[in-house]
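Colleague: What follows is each chain in one-letter form.
Protein chains: 2
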Amino acid sequence: MDNFDFYKGKNRVLLAVDCIIFGFDKSKIKLLVFQRKVDPEAGNWSLLGRFVESDESVINAATRVVEESTGLQDIYLEELRTYGAVDRDPGARVVSIAHYALIRIDESNLTSVEAFNAKWFDFDELPSLIFDHQQMVIDGMAKLRRKVRYRPIGFELLPEKFTIPQLKTLYEAILQKPLDRRNFRKKILSMDILEKLSEKDKSTSRKGAYLYRFNQHNYEALLKEGIHFEL
Amino acid sequence: MDNFDFYKGKNRVLLAVDCIIFGFDKSKIKLLVFQRKVDPEAGNWSLLGRFVESDESVINAATRVVEESTGLQDIYLEELRTYGAVDRDPGARVVSIAHYALIRIDESNLTSVEAFNAKWFDFDELPSLIFDHQQMVIDGMAKLRRKVRYRPIGFELLPEKFTIPQLKTLYEAILQKPLDRRNFRKKILSMDILEKLSEKDKSTSRKGAYLYRFNQHNYEALLKEGIHFEL
DNA sequence: TTAATAAGTGTAAAAATTACGCTTATTTTT
DNA sequence: AAAAATAAGCGTAATTTTTACACTTATTAA
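Here the protein sequences line up with chains L and H, keeping their order.
Letter 197 of the first sequence, counting from 1, is numbered 197 in the working numbering, and no numbers are missing.
Every number in the working numbering is 231 more than the matching position in the second sequence, counting from 1.
It is worth saying that the hints were derived from the structure and are not from the lab.
Some hints could be false.
[As the list claims (entries may be wrong)] Distance windows between CB atoms, simulated: (1) H:Glu461 to L:Lys207: 35 to 41 Å; (2) H:Asp318 to L:Gly9: 20 to 26 Å; (3) H:Asp318 to L:Lys177: 42 to 48 Å; (4) H:Glu461 to L:Asn117: 42 to 48 Å.
[Stated by the list, open to error] Here are the computed lysine-lysine pairs in the DSSO-like style, where the Cα-Cα straight-line distance is at most 30 Å: (5) H:Lys392 to H:Lys455; (6) H:Lys392 to L:Lys28; (7) L:Lys187 to H:Lys374.
No residue lacks a Cβ here, since even glycine has one placed at the ideal position from N, Cα and C.
Construct all of the structure, not just a fragment, from the sequences and the given hints.
Modeller: Okay, here's the thing in structure tokens:
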């Protein structure tokens with residue numbers, strides 16, 4: 001396996017990926033966690049994870065975790081950071097590379113909930129998690145909170161068609177502060193990355209709110225100009 | 232070693248850390264790279280790296296790389312990201328967690344240059360590097376460029392005492408664009424994180440420029456107020 | 001003594017952000 | 001059928017931040 005002498009006898013570790021799977025429902029940020037089936041800590045709440053195989057890249061391993069546990073494909077997924085303390089897992093030396101994913105809950109068939117003993121929790125009502133998973137969640141949320149301000153990733157948490165008030169509610173949930181309705185609209189529309197549809201969503205008001213769609217093409221054009229999304 | 236059945240028979244990988252070591256000299260961003268001694272790619276330019284041992288944390292491994300190669304301690308060091316493609320290293324399956332370090336070149340005794348065949352290169356005159364190290368450097372620079380705008384990490388590249396024009400030159404080198412002398416000064420001073428000394432540095436002008444020192448204490452007070460460094 | 005020059009200070013114009021009031025479309029209630 | 005209620009949508013004035021740019025100062029070399 002090692003083709004050169006230099007690598008002979010070097011230490012190897014178990015390398016895992018753990019995924020912080022974010023969702024958004026109505027007005028709350030949610031997290032998908034599951035009940036661990038194996039020891040140590042069998043029965044306790046944990047992030048979804050697995051070991052990295054020898055024939056798969058790290059990002060692929062994470063992708064598979066998300067796909068297998070949600071049944072969804074083409075999910076927004078990004079590396080968070082490495083958790084590499086020696087004793088983080090009492091079972092063995094395991095280094096874990098945490099990733100976070102953003103899911104459209106409504107699209108999600110419930111593969112995960114049934115097959116994996118998984119459950120969506122409100123972000124601020126999470127049960128305590130095993131090992132350093134609590135810290136991963138805190139760090140993941142901090143990253144999301146930061147990144148959402150300079151990259152248009154919030155859309156990944158909404159259905160394909162969404163209203164501006166809905167988008168505002170999402171941002172309020174992530175940033176944990178109220179935003180001005182009128183200024184928010186002005187700002188987001190001024191970027192010209194939303195495509196207005198003729199349909200309205202009437203579920204939250206009598207008047208109804210127009211539906212919009214994120215315009216990836218316009219966004220990329222914007223990036224090329226050097227101008228970029230900033231909320 | 233594995234205390235639980237679940238871990239038995241799971242795949243293990245060689246886990247490495249590679250360090251992008253940034254420096255700053257006069258008006259240029261520099262990178263410390265070295266000539267690899269072992270196969271594959273012996274003789275070619277490479278980032279400093281090593282394998283993570285079973286009894287050290289990942290961040291510790293990176294710290295040791297930097298300490299051993301520069302002879303310096305208490306260096307600013309941060310994880311960049313994981314490089315985990317299956318074939319990134321032709322010698323074996325090696326997953327590498329890249330880190331970047333910011334060092335004050337002037338303090339550096341030349342341990343590295345002598346003991347490690349290391350050499351400082353201007354950032355834009357780097358030789359080509361082995362494996363995916365080129366990409367690590369690009370990503371590291373992108374991260375530095377972004378982070379330097381919202382965290383006061385630039386100071387790590389300057390001597391303890393520095394002038395405002397010096398600081399401006401550093402920012403210009405990192406951000407790769409000219410900054411207005413007067414506005415830069417105004418902005419940085421308004422944050423109240425620099426301590427003015429009575430000494431002047433006369434090396435670059437007849438008049439001389441006052442020396443300043445970064446005030447960690449004031450910075451932390453600022454963070455607590457929720458206000459934060461933004462350039 | 002004077003010329004030269006980087007360092008340092010101030011101020012006006014432009015742009016972005018914030019605060020907030022009024023109108024509109026629609027449904028439910030009277 | 002009219003009126004009340006309400007989220008959605010639109011505009012504008014006040015404030016703050018950013019940008020652009022001119023002048024003065026301290027010092028050394030000529």
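Colleague: Now tell me, hint by hint, if it's right for this structure.
Modeller: Structure-based check of all given hints:
no. : hint                             : in the structure
1   : H:Glu461 to L:Lys207: 35 to 41 Å : 38 Å, holds
2   : H:Asp318 to L:Gly9: 20 to 26 Å   : 22 Å, holds
3   : H:Asp318 to L:Lys177: 42 to 48 Å : 46 Å, holds
4   : H:Glu461 to L:Asn117: 42 to 48 Å : 44 Å, holds
5   : H:Lys392 to H:Lys455             : 25 Å, holds
6   : H:Lys392 to L:Lys28              : 48 Å, violated
7   : L:Lys187 to H:Lys374             : 26 Å, holds
The structure does not agree with numbered hint 6 stated previously, though it agrees with all others.
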